[in-house]
Each structure stands twice: as structure tokens, then as C-alpha cells.
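Residue numbers (my numbering), protein chains in the order written: chain A, 516 to 654; chain B, -12 to 174.
The reader is advised that the hints may include incorrect statements.
Label-pair distances were calculated between CB atoms; the ranges are [unchecked claim]:
no., chain 1, residue 1, chain 2, residue 2, range
1, A, V568, B, H155, 50 to 60 Å
2, B, Y102, A, E551, 42 to 52 Å
3, B, E14, A, E562, 26 to 36 Å
4, A, D523, B, D54, 28 to 38 Å
5, A, A575, B, L48, 34 to 44 Å
6, B, D(-9), A, L540, 26 to 36 Å
7, B, I70, A, L577, 18 to 28 Å
8, A, S537, B, R(-10), 18 to 28 Å
9, B, N4, A, R587, 32 to 42 Å
10, B, R(-10), A, E524, 51 to 61 Å
11, B, I70, A, V641, 58 to 68 Å
12, B, K43, A, T592, 37 to 47 Å
13, A, N586, B, G144, 52 to 62 Å
Just so you know, these hints were derived from the structure itself, not from any lab. Heads up, the beta-carbon is just placed ideally off N, CA and C, and yes, glycines get one too.
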Amino acid sequence: MDEKFEKDELLRDLLNEINYRSAPLSFAERVSSKIESERVRRERRTETIQIIVVSLCASALLILSFIYLNNRYFNLTLEDLRLFNSDFGVKHLLYRVKGIFISDGTLLWYILAANTALLIVIQQFVQNYLYSSGRIGKS
Amino acid sequence: MKRDEELHTIELIRNGNLELYKVIVEEYSPRVLSVIRGVLPCKEDAEELAQDVFVKAFFSLNKFRGDSSLSTWLFRIAYNMSISKTRLKKVKFVPIESAQIESNNYFDISEEERYIKEKRFELLNRMLSSLDPSERFLITLFYNQEKSIKEISQITGIGESNIKVKLHRIKKKMGEMVGEKMEVSYG
């Protein structure tokens, strides 16, 4: 029993050699700077994920809107796409597109679109003016 | 640090006080470093990994529920990270050199004492190299940190009875080496 205890103490004593009595110099500072870098890395990763999610949603929305527009107005089928290679197909397609975009009912939509575009341009001008005059801070 | 104080400090850190985290790092880093050093004898590797342990702990503080002590929780992170590092990199055992240990006043001691120290490190290296990383972690937790079987089980996720068996085997293996060597060095 004594020998066992003695060996135990010897082992403890030997392993004690690898014990650190205090933290190495500037250890905490290095940890803090790693935390900061990791924080930036995580923020960037979150931002990237957000961009990917938004892009995927926007793409899905775009595809869905194309499908909707096709079903609602164009009614293009795979057969039409095959016909697109021939002169008749192109003419036929252009005629249908013309029928959709240039008609009495579409004029209102053109006016609305032009107004929206104009508003966006005005908003950009006002924003730039306010930035340059320093009335609103840059984010 | 008392338990209540520890939990209060953690709450403040969760609310964004990074300066207080430095206090935690200063307090626990020697102990975390000691156990990691048992697994990764290369000083630079051990210090790098210990830093990563504290970084990971900082970002996982929300997961700390306070069921175990902070040291046990930190050791658990250290165990997982050091074992996966040794698995990933197939880390070779690098003998620990006595002069590398920061607590040693290696060059202030007499030649005879230095000789004994060298011999002790030789034995220590022989003992540690005969164990696998997880066994080295167990043994340092048991002897250096004086953790109970229950705490070691919480840290490593290995069952208590399994730990008892492992420790018995390790102690037997190391005990034989100590007995063998003592006859040469001190006998």
C-alpha cells in the first residue's frame, strides 16, 4: 500500500513539471485579439449567408414571376422555343410580344414605370446632395 | 473565483464586457495550458490551442448553463479540441524540454540539480510518449488538476467505470516505469 502511495506521489510530482504556474506573457491579449478577428470573421460569414439567401430568394422570385408572366401573357411552350430557330417562329413570337407590350391597356403601365424610374433617380440625387452637404451621416 | 461570482462574471461577459473575459483567461489559462501540454507537448502548439479554446469558449458562453464548474466546462472544450487536433494532424510526440517550461528557473540551479531535472524529464517524456493523447489528458486531469472520477467523466464524456479502468491501466503502466527508473536515477 505504501509503495503504491509512494508511486502515486512520484507520478504526481513528475507530472507537476508540465504545470503552468501563470499564464504566458500577453496570453490574454492574444486571446482578445483572436476573439476580435473571429467576431469579424463571423460577421462576414453572416453577411455572406444573408447575401446568398437574398440572392436565392430574388432568383426564385424572378423565376416565379417569369413563369407567371408566361402563363398569364405569353403562353410560350417548348414547341415555341423550337420554332424560334425558324424565320416563321421568330416572326410569330415577335408578333405576340408586340401584341402584349403595345396595346391600349399597357400605356398606363408605361406611365407608372416611367414615374417609378424618375422617382428612383430623384431619390438618388437628393441622397447624394444630403451626403455631400453633410446633413446625413454615411453609414 | 467563487461560484456565484463566476456566474455573475459570465453574465456580465455575455452582455458584452470583453475586459472581464480577460480576468477569466488570466485565471484559468495556466490550468487549461497544463492539461493541453500533456496532450500536445510542443509549447507553441499547446499555447495556440489554449488560445483557441478560450476563443471557442467565449463564443459558446451562451451554452454554459452553470451545471458544472467553469473549469470543468473549459476542460471539456480543451479535451474535445485537443483530441480532434491530434486526430486531424496525427501529432507526433515531441519530447518536453525542461528549459521550455516557463515555471522552471532552469539556469539558476546547480549542475547536479539540473542533471536530476534532466533525468526527471527524460522519464516524464518516456511515460507520456507511451500513452495515447486521450490517456495523457486523463492522467493530467487526475494528477495535475486533481479532478474526481465524476468530473473527469463529465469532461471527457467517458463513463465513470470506464475511466476507473483506464486510469488503473495507465497508473499501472506509468508506475512500472517509475519503479524501473527510480532504481537507476535515485536507487
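Right, here's what the structure says about each hint:
1. Take A/V568 and B/H155: their Cβ atoms lie about 53 Å apart, and the range 50 to 60 Å holds.
2. As the Cβ distance of B/Y102 to A/E551 is approximately 46 Å, the hint placing it in 42 to 52 Å holds.
3. Taking the beta carbon of each, B/E14 and A/E562 are about 34 Å apart, inside 26 to 36 Å as hinted.
4. For the hinted restraint 28 to 38 Å between A/D523 and B/D54, the CB-CB distance of approximately 30 Å keeps it satisfied.
5. The given range of 34 to 44 Å is respected by A/A575 and B/L48, whose C-beta atoms sit roughly 37 Å from each other.
6. A C-beta distance of roughly 31 Å is found between B/D(-9) and A/L540, which places it inside the suggested range of 26 to 36 Å.
7. A C-beta distance of roughly 48 Å is found between B/I70 and A/L577, which places it outside the suggested range of 18 to 28 Å.
8. Distance hint check for A/S537 and B/R(-10): the Cβ-Cβ separation is about 23 Å, which falls inside the suggested range of 18 to 28 Å.
9. The hinted range of 32 to 42 Å is not satisfied by B/N4 and A/R587, whose Cβ atoms lie roughly 58 Å apart.
10. The beta-carbon spacing between B/R(-10) and A/E524, approximately 30 Å, falls outside the hinted interval of 51 to 61 Å.
11. Distance hint check: the CB atoms of B/I70 and A/V641 are about 60 Å apart, consistent with the given range 58 to 68 Å.
12. A hinted range of 37 to 47 Å is violated for the C-beta pair B/K43 and A/T592, which are about 56 Å apart.
13. Restraint check, A/N586 to B/G144: a C-beta distance of roughly 56 Å satisfies the suggested window 52 to 62 Å.
Checked against the numbered hints above, the structure violates hints 7, 9, 10, 12; every other hint is satisfied.
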